[in-house]
Structures are given as structure tokens and as C-alpha cells.
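Chains as they are written, first to last, in the working numbering: chain A, 36 to 287; chain B, 373 to 638.
Hints are computed from structural coordinates only; laboratory data are not their basis. It is possible that part of the hints are untrue.
Cross-link-like lysine-lysine pairs, in silico, DSS-like; alpha carbons within 27 Å at most [unchecked claim]:
1. B:LYS499 / A:LYS76
2. A:LYS76 / A:LYS262
3. A:LYS262 / B:LYS404
4. A:LYS76 / B:LYS522
5. B:LYS499 / B:LYS522
Each chain is listed here by its residues.
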Amino acid sequence: MDTLLRLVEGPLEQVGRFFQLFWRTLVWTFRPPWDFREWIKQAVRVGVDSTPVVLLTALFTGMVMALQTFSTLQRFHAEGYVGSLVALSMVRELSCVLGGLVVAGRSGSAMGAEIGTMRVTEQIDALEVLATDPIQYLVVPRVWAATLMLPLLVALADGVGIAGGYLVAVGLLGANPVTYIESTFLYMGLSDITSGLIKAAVFGLLISLIGCQQGYYTRGGAEGVGKATTRAVVVASMAILISDFFLTKVLF
Amino acid sequence: MSGAASDTTPARLAASQPKIRLEGVEKSFGSKRVLAGIDLDIERGESMVLIGGSGTGKSVLLKHMIGLLHPDAGRVLVDGQDLAQLDYREITDFRRRFGMAFQEGALFDSMSVHDNIAFPLRRAGWKRGEVEDRVDRCLELVRLQGTGEKMPSELSGGMRRRVGFARAIALEPQILLLDEPTTGLDPVMSAVVDELILDLKHDLDATTVTITHDMTSAFRIGDRVGMLDRGQVIALASPTEFQNLTDPRVQQFLRREAHGPLSEGK
Numbered sequence: 036m037d038t039l040l041r042l043v044e045g046p047l048e049q050v051g052r053f054f055q056l057f058w059r060t061l062v063w064t065f066r067p068p069w070d071f072r073e074w075i076k077q078a079v080r081v082g083v084d085s086t087p088v089v090l091l092t093a094l095f096t097g098m099v100m101a102l103q104t105f106s107t108l109q110r111f112h113a114e115g116y117v118g119s120l121v122a123l124s125m126v127r128e129l130s131c132v133l134g135g136l137v138v139a140g141r142s143g144s145a146m147g148a149e150i151g152t153m154r155v156t157e158q159i160d161a162l163e164v165l166a167t168d169p170i171q172y173l174v175v176p177r178v179w180a181a182t183l184m185l186p187l188l189v190a191l192a193d194g195v196g197i198a199g200g201y202l203v204a205v206g207l208l209g210a211n212p213v214t215y216i217e218s219t220f221l222y223m224g225l226s227d228i229t230s231g232l233i234k235a236a237v238f239g240l241l242i243s244l245i246g247c248q249q250g251y252y253t254r255g256g257a258e259g260v261g262k263a264t265t266r267a268v269v270v271a272s273m274a275i276l277i278s279d280f281f282l283t284k285v286l287f
Numbered sequence: 373m374s375g376a377a378s379d380t381t382p383a384r385l386a387a388s389q390p391k392i393r394l395e396g397v398e399k400s401f402g403s404k405r406v407l408a409g410i411d412l413d414i415e416r417g418e419s420m421v422l423i424g425g426s427g428t429g430k431s432v433l434l435k436h437m438i439g440l441l442h443p444d445a446g447r448v449l450v451d452g453q454d455l456a457q458l459d460y461r462e463i464t465d466f467r468r469r470f471g472m473a474f475q476e477g478a479l480f481d482s483m484s485v486h487d488n489i490a491f492p493l494r495r496a497g498w499k500r501g502e503v504e505d506r507v508d509r510c511l512e513l514v515r516l517q518g519t520g521e522k523m524p525s526e527l528s529g530g531m532r533r534r535v536g537f538a539r540a541i542a543l544e545p546q547i548l549l550l551d552e553p554t555t556g557l558d559p560v561m562s563a564v565v566d567e568l569i570l571d572l573k574h575d576l577d578a579t580t581v582t583i584t585h586d587m588t589s590a591f592r593i594g595d596r597v598g599m600l601d602r603g604q605v606i607a608l609a610s611p612t613e614f615q616n617l618t619d620p621r622v623q624q625f626l627r628r629e630a631h632g633p634l635s636e637g638k
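Work out the full structure, taking the sequences as your base and the hints as a guide.
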């Protein structure tokens with residue numbers, strides 16, 4: 036019984052801290068002063084700076100999707116559906132999940148490392164002493180920047196992924212451009228796109244909260260910062276994949 | 373200033389209450405007992421110096437006074453207010469009356485020296501011009517004019533400490549907590565910092581608590597000197613009295629002896 040308790044204690048503490056941080060983030064979001072310069076700085080770091088790598092991921096994912104589905108569907112003489120398949124896969128699933136994983140690796144880790152370093156060098160204590168709540172100053176801008184920027188990134192990734200599929204199917208495999216474009220939009224509804232974007236926003240929230248949480252509770256010097264950074268990426272990636280299943284179940 | 377006022381006025385009553393009161397404060401980290409029941413009153417306008425070997429709980433005690441740490445047992449009262457009773461929003465406002473300089477400076481490494489010192493001023497809603505004037509003045513006080521645009525990583529340890537000190541005094545706090553402000557400074561700079569502490573005390577009637585290993589500085593700035601060992605206050609006296617205490621632990625510390633009661637059991 037004792038070992039069982041010890042086994043679940045750690046994860047439960049993490050979950051408790053996650054929701055506590057989420058609650059405090061909500062409370063401080065609506066309390067002045069608002070440091071909009073910090074919000075914009077974070078939005079640029081999560082959004083603008085991640086754009087090239089997210090778009091590159093989306094482009095090649097779209098391209099390989101077209102390559103794979105074309106050769107598969109060709110066996111059933113159903114090449115005409117490649118466009119639909121690529122487009123629906125991208126907007127419903129691949130853009131947001133892969134985009135989320137890339138941002139978790141780029142920005143989630145940066146948040147963990149940065150806030151973790153501030154913790155071990157007493158900069159977080161210094162913030163508190165200077166009458167500034169560290170949650171308000173550090174966590175609130177990062178969380179909302181990621182939650183708002185990730186859907187925008189994913190919207191761009193949707194377009195680039197579909198374009199990548201078109202390039203390969205039409206340019207490389209000789210599909211008919213008109214049929215391809217027609218089939219791309221034939222079965223796609225607005226809800227396919229919005230559900231992908233809603234998922235992206237949730238992933239942004241998870242990545243930033245987990246990154247900030249791991250950094251905020253860092254202990255033990257450089258080694259602690261290293262561990263926090265690793266955990267920020269691993270936990271966020273797991274959270275994305277697991278929540279993706281449940282979100283998909285609820286949204287579609 | 374208002375010393376001549378009648379003893380029964382409310383202001384006088386408030387002034388007679390200690391600025392910081394520690395009642396039976398205990399704190400452990402895991403199995404390590406760091407503070408083992410500390411009782412200490414620090415009066416308004418007093419300069420208290422805390423000395424003691426490394427790892428005797430001095431920094432931990434300082435962090436209790438500003439509510440960065442909360443005691444496992446006992447109470448910390450500042451202006452009669454129990455810090456543990458404040459929620460995290462109230463304590464943020466409460467801390468505006470404090471200034472604190474950390475051991476390693478704890479400067480924000482993503483900001484320039486100027487922005488570090490300007491940080492508390494901007495947060496307190498000062499206007500741009502006022503901020504500039506005050507930052508220049510603070511840099512001048514710690515003799516670091518012209519370093520405003522530097523980043524903390526470009527500074528030496530001693531300079532970082534002085535910037536940390538400048539940031540702590542920027543808002544002219546009522547209570548100033550200083551964790552080894554003169555460690556790593558050359559003798560002249562140490563004297564400058566000592567003088568700044570004394571000036572703050574005289575000009576603003578600020579209450580200061582200073583941790584130091586620098587005995588010259590301790591006896592110069594302290595109204596009272598307290599010594600900590602194994603999480604307890606083992607001696608507390610005015611500088612002149614302190615030097616004449618017969619407690620062997622105090623004498624070992626003052627004479628810088630390697631062997632004695634302080635080093636036993638370590």
C-alpha cells in the first residue's frame with residue numbers, strides 16, 4: 036500500500052500543480068498591470084520564430100501524404116481522392132499535432148529552461164520581492180501567446196501542407212490539376228478546419244502551461260534546469276498525443 | 373523627527389511596536405532542521421546585522437521576513453501583520469515596503485542594468501522621466517555611472533551585487549534586507565555600501581537587516597549584532613558589547629579560529 040501511494044504521489048502532485056498554475060494564470064490574466072510589451076515579445080517568440088520550422092514540417096508532411104496515398108489509391112483506381120485525403124488529414128489532424136510537437140520542442144523547452152534558470156538563480160524570488168507576481172509576469176504572457184499563436188501557425192500549416200500535396204501529386208505524379216483541386220475542397224467542411232484550430236489552441240495552452248510549470252518548480256542548479264527542460268518537452272508531447280485522441284472524440 | 377510626540381498618540385503606539393517580530397520560527401528542509409525556534413524583534417529604524425557560519429540559516433531567516441518562505445511553526449509579523457495570513461495577491465502589495473538584495477545579485481539576465489533598476493519603478497507606475505532620473509541617481513550612489521546599457525553577464529560579481537543593491541533601494545523602501553552586500557567587494561566599495569546603508573537609515577528611517585561575514589562592516593553599520601548557530605540566535609548585543617561577550621562560540625567566530633565549539637560536530 037505504501038509503495039503504491041509513493042508511486043502515484045509524484046504524478047498526482049504534478050497534476051495538482053498543473054491545475055493550480057492554470058487557475059493562478061486565469062486569476063492574474065484579469066488583474067492589472069498588463070505588460071503588453073512582454074505579451075508581444077512572447078507572441079513573436081512562439082509564433083513568428085516558429086513559423087519556418089512549422090511550415091517546413093507541414094510542407095513535407097503534405098508532400099509525403101500525397102506520395103503515399105497516391106500509390107495506395109492507385110491500386111483501387113481511386114487517385115481522384117488523393118486531394119481530399121491529403122487536405123482532410125492535414126486540417127483535421129496532422130497540422131495541429133505535428134505543429135504542436137514542433138512548438139513543444141522549440142518553445143516548451145525554452146520556457147522550461149528560461150524559467151528554470153530564473154528559479155535557480157533566485158530571479159523568481161527577486162521578482163516576488165519587487166512586488167511582482169512571477170505567475171503574472173512570466174507565465175500569463177507565455178500561456179496566452181502560445182494559446183493564440185498556435186492556431187494561427189496551424190492555419191498557415193494547413194495551407195502549406197495542402198500546397199505540398201498538390202505539388203507532388205500534380206508536378207511529380209501527373210495527377211490532373213483541376214480534379215485535384217476540386218477533390219481537395221469537395222468533402223471539406225468549415226467544421227473540419229475549426230476543429231483543427233480548436234485543437235491547436237488547446238495544445239498551445241498545454242505546451243506553455245507544462246513548460247512554465249516544469250521551469251517554475253525547478254530545483255537543484257544546472258542539473259535541475261536540464262531535467263526541467265527535458266520534462267517540459269516529454270510531458271507536453273505526451274499531453275498533446277493523449278489529449279488529441281479525446282479532443283477528436285469530442286469534436287468530430 | 374517625531375520623537376517629542378506624546379507617548380499616548382496612535383502614531384507613537386505604532387512606532388513602539390517592533391517593525392519585524394519573529395516568534396518561535398522553525399523551518400526544516402526534508403530532515404534538515406535549518407531554523408530551530410528563532411525569537412527576534414527588530415525595531416523601527418534599527419540596523420540589525422546577522423552573522424554566523426555558512427549554512428546556519430541566515431539567508432533562510434531573511435527569506436522568512438519577506439514571506440518568500442513560510443515557517444513550519446511560529447509566526448513572522450511585519451508591522452504587526454502575520455505574513456502567513458496574507459494571500460498571494462495581498463503579499464505582493466505588502467512587499468512594496470521592502471527592498472531586498474540577494475547574495476548573487478539575482479539580476480534579471482534578459483534585461484540591461486538600467487532596466488533592472490528601472491523594473492520596480494515602472495511596476496510602481498512611475499513616469500518615464502522620473503524613472504530615468506532615479507535610475508541615474510541609483511547608479512551614481514553605487515558608483516556605477518555609465519554602465520546602464522551593459523547586460524548582467526558583462527559585469528563582475530561585485531558589480532552585479534552593487535546593481536542588485538541599487539535595485540533594492542530604488543523605491544526607497546521602509547525595510548531593507550541585504551544578503552551579504554559587501555562580500556566580494558574591494559575595501560573601498562565595501563565602505564561605500566556601508567555608508568549607503570547608514571544614509572538610508574538616517575534619511576528614510578529605514579529598518580535594515582544585513583547578513584555579512586565582514587566584521588568591520590558589521591560593527592560599523594549595526595545597532596545590534598546577532599549571531600546564529602545551528603538555527604538559533606546564540607548572541608545578540610550592541611557592537612561594543614558583542615565584542616566583549618564571553619560565549620566561546622562568539623569568541624571563536626571573532627578570532628577566526630579553525631577549532632572550537634562552532635566547528636564541532638560538523
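Hint-by-hint comparison with the structure:
Only pairs whose Cα atoms come within 27 Å are accepted, and LYS499 (chain B) paired with LYS76 (chain A) is accepted, the gap being roughly 22 Å. Between LYS76 (chain A) and LYS262 (chain A) the alpha-carbon distance is near 26 Å, which keeps this suggested pair within the 27 Å criterion. The straight-line distance between the Cα atoms of LYS262 (chain A) and LYS404 (chain B) is roughly 24 Å, inside the 27 Å bound, and the hint therefore holds. A distance of roughly 21 Å separates the Cα atoms of LYS76 (chain A) and LYS522 (chain B); the hinted pair therefore holds under the 27 Å criterion.
Distance hint between LYS499 (chain B) and LYS522 (chain B) is fulfilled; the C-alpha atoms sit about 23 Å from each other, no more than 27 Å.
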